[in-house]
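Participant: Respectively, the protein sequence lines represent chains L and F. For the first sequence, counting from 1, position 245 maps to 245 in full-length UniProt numbering; every step adds exactly one. For the second sequence, counting from 1, position 59 maps to 59 in full-length UniProt numbering; every step adds exactly one.
It is worth saying that the hints were derived from the structure and are not from the lab. Virtual Cβ for every residue (Gly too), placed ideally from N, Cα, C. Honestly, I wouldn't trust all of these hints.
What the hints assert, rightly or not - Calculated Cβ distances over 12 Å to all of chain F for the following chain L residues: (1) L57; (2) Q172; (3) A195; (4) A218; (5) M296.
As the list claims (entries may be wrong) - Heads up, incomplete: computed chain F residues facing chain L, CB under 10 Å, no partners named: (6) R9; (7) R11; (8) G13; (9) V14; (10) A17; (11) L28; (12) G32; (13) F64; (14) R68.
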Amino acid sequence: MAESTEPPFGLLAELTHRCPLHCAYCSNPLELVRRNEELSTDTWRRVFDEARELGVLQVHLSGGEPLARPDLPRLVEHASGLGMYVNLVTSGLALTEEVATDLVARGLDHVQLSVQDADRANADLLAGTRAHDRKLVAAEVVRRSGLPLTVNVVLHKANLDHVGGIIELAEQLGADRLELANTQYYGWALRNRAALLPTRAQLASAAPIVRAAQQRLADRMEIVYVVADYHEAHPKPCMHGWGSRQLTVAPDGAVLPCPAASVIDGLPIENVQHRPLAEIWYDSASFNAYRDTDWMREPCRSCARRELDFGGCRCQAFQLTGDAAATDPVCSLSPDHGLVRTILARDADQPDRPALVPRSVAR
Amino acid sequence: MTARDAVPRLRAGVRRAYDRTRDSDVVLFPEGVLVLNETAAAVLARCDGSSTIAEITEGLAEEFDGVRPEDVAELVADLARRRVVRVDG
Numbered sequence: 001m002a003e004s005t006e007p008p009f010g011l012l013a014e015l016t017h018r019c020p021l022h023c024a025y026c027s028n029p030l031e032l033v034r035r036n037e038e039l040s041t042d043t044w045r046r047v048f049d050e051a052r053e054l055g056v057l058q059v060h061l062s063g064g065e066p067l068a069r070p071d072l073p074r075l076v077e078h079a080s081g082l083g084m085y086v087n088l089v090t091s092g093l094a095l096t097e098e099v100a101t102d103l104v105a106r107g108l109d110h111v112q113l114s115v116q117d118a119d120r121a122n123a124d125l126l127a128g129t130r131a132h133d134r135k136l137v138a139a140e141v142v143r144r145s146g147l148p149l150t151v152n153v154v155l156h157k158a159n160l161d162h163v164g165g166i167i168e169l170a171e172q173l174g175a176d177r178l179e180l181a182n183t184q185y186y187g188w189a190l191r192n193r194a195a196l197l198p199t200r201a202q203l204a205s206a207a208p209i210v211r212a213a214q215q216r217l218a219d220r221m222e223i224v225y226v227v228a229d230y231h232e233a234h235p236k237p238c239m240h241g242w243g244s245r246q247l248t249v250a251p252d253g254a255v256l257p258c259p260a261a262s263v264i265d266g267l268p269i270e271n272v273q274h275r276p277l278a279e280i281w282y283d284s285a286s287f288n289a290y291r292d293t294d295w296m297r298e299p300c301r302s303c304a305r306r307e308l309d310f311g312g313c314r315c316q317a318f319q320l321t322g323d324a325a326a327t328d329p330v331c332s333l334s335p336d337h338g339l340v341r342t343i344l345a346r347d348a349d350q351p352d353r354p355a356l357v358p359r360s361v362a363r
Numbered sequence: 001m002t003a004r005d006a007v008p009r010l011r012a013g014v015r016r017a018y019d020r021t022r023d024s025d026v027v028l029f030p031e032g033v034l035v036l037n038e039t040a041a042a043v044l045a046r047c048d049g050s051s052t053i054a055e056i057t058e059g060l061a062e063e064f065d066g067v068r069p070e071d072v073a074e075l076v077a078d079l080a081r082r083r084v085v086r087v088d089g
């Protein structure tokens, strides 16, 4: 255990991989956890107990679709009872007035609702089901419940040109926050990368629209813009550093330093069914593998930005180079940066693109 | 800078709490946690939606020495930037 390791603030609890949507940009792994492999209610309660004891103050109930778990109300109640701030990250399809009222009574603090586009037909096409109108109803349900509402929109080639309309829709829905996140290429999204990558021109048109809205709405709606990292000069500060602030528990109990970490071959992933969470956080080989800066090689090791972006994302480095300890190739200083330039030249700037492949579902 | 007669209040969905793991007061809000020092915790506890910056400063002066309204205003402005409080007036 490194001397400097601090307790985590956040737990991403992926309660299930089951989901009513089929988004082509889904970042969950290609191989999904099946229902019969999911943790039981009692095990999740124990995970929350251990997380709070470890120092976790925020739990993000996510998935898949967390409302697919019939025990969600009991899990909300348990997490809230421990004093944790409870976020629900949902497609909204099953979020009726009755469900929302019950969750609020049990201590839910905040709802993040996914929206695919401002245009109904395109949104339903992207979701792979008629979801859009039900999401608008869910937003109204959240607004009436008095909870803060965040609208989450994943951006890509097929909706980036509508970003102005998306911002207007979030305003109409009474959102307190809007997360506009360019697609991150993990899991199913990586498979669809050639179809999802926006063009440089699309990104250049969207940026001033987002900036203007951030200024205009400063006091009413916070707009968080997550950039398209393949197009940037420097990588994203993935997880604010490996094993630094947050951990993920997958539906089967796998404990991950980054939600995508199961892609890294050879990473000895622990499971909360076999080892206490605190031991995994402080002492496991997986959490210590890329913690702090000792694991870094050049050009990261001597880089002035090493504590700003932590060398980028380990999972992305592995996916693109086969070496999780490499500098994230989206960094212009990476010796492998040519890989990203090649991908952009081959895919992003070509007129003929492959069709989106909808997400296959978990059973 | 926030004026002396401005009235700060916690935004919707923001909660104050004590964290025994870190032995600190904290504030929890959508997608964020702030660990508060003693001064910030005392200021935030007085952001009740009816007290002005001047009144908050007077209240703090009973517990702490040398509290200046401009310091309270600066701290409140910082909490407003982080979307923990909303400032009226």
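Participant: Hint numbers the structure violates, sorted upward?
Facilitator: Hints 1, 4, 6, 13 and 14 not satisfied by this model.
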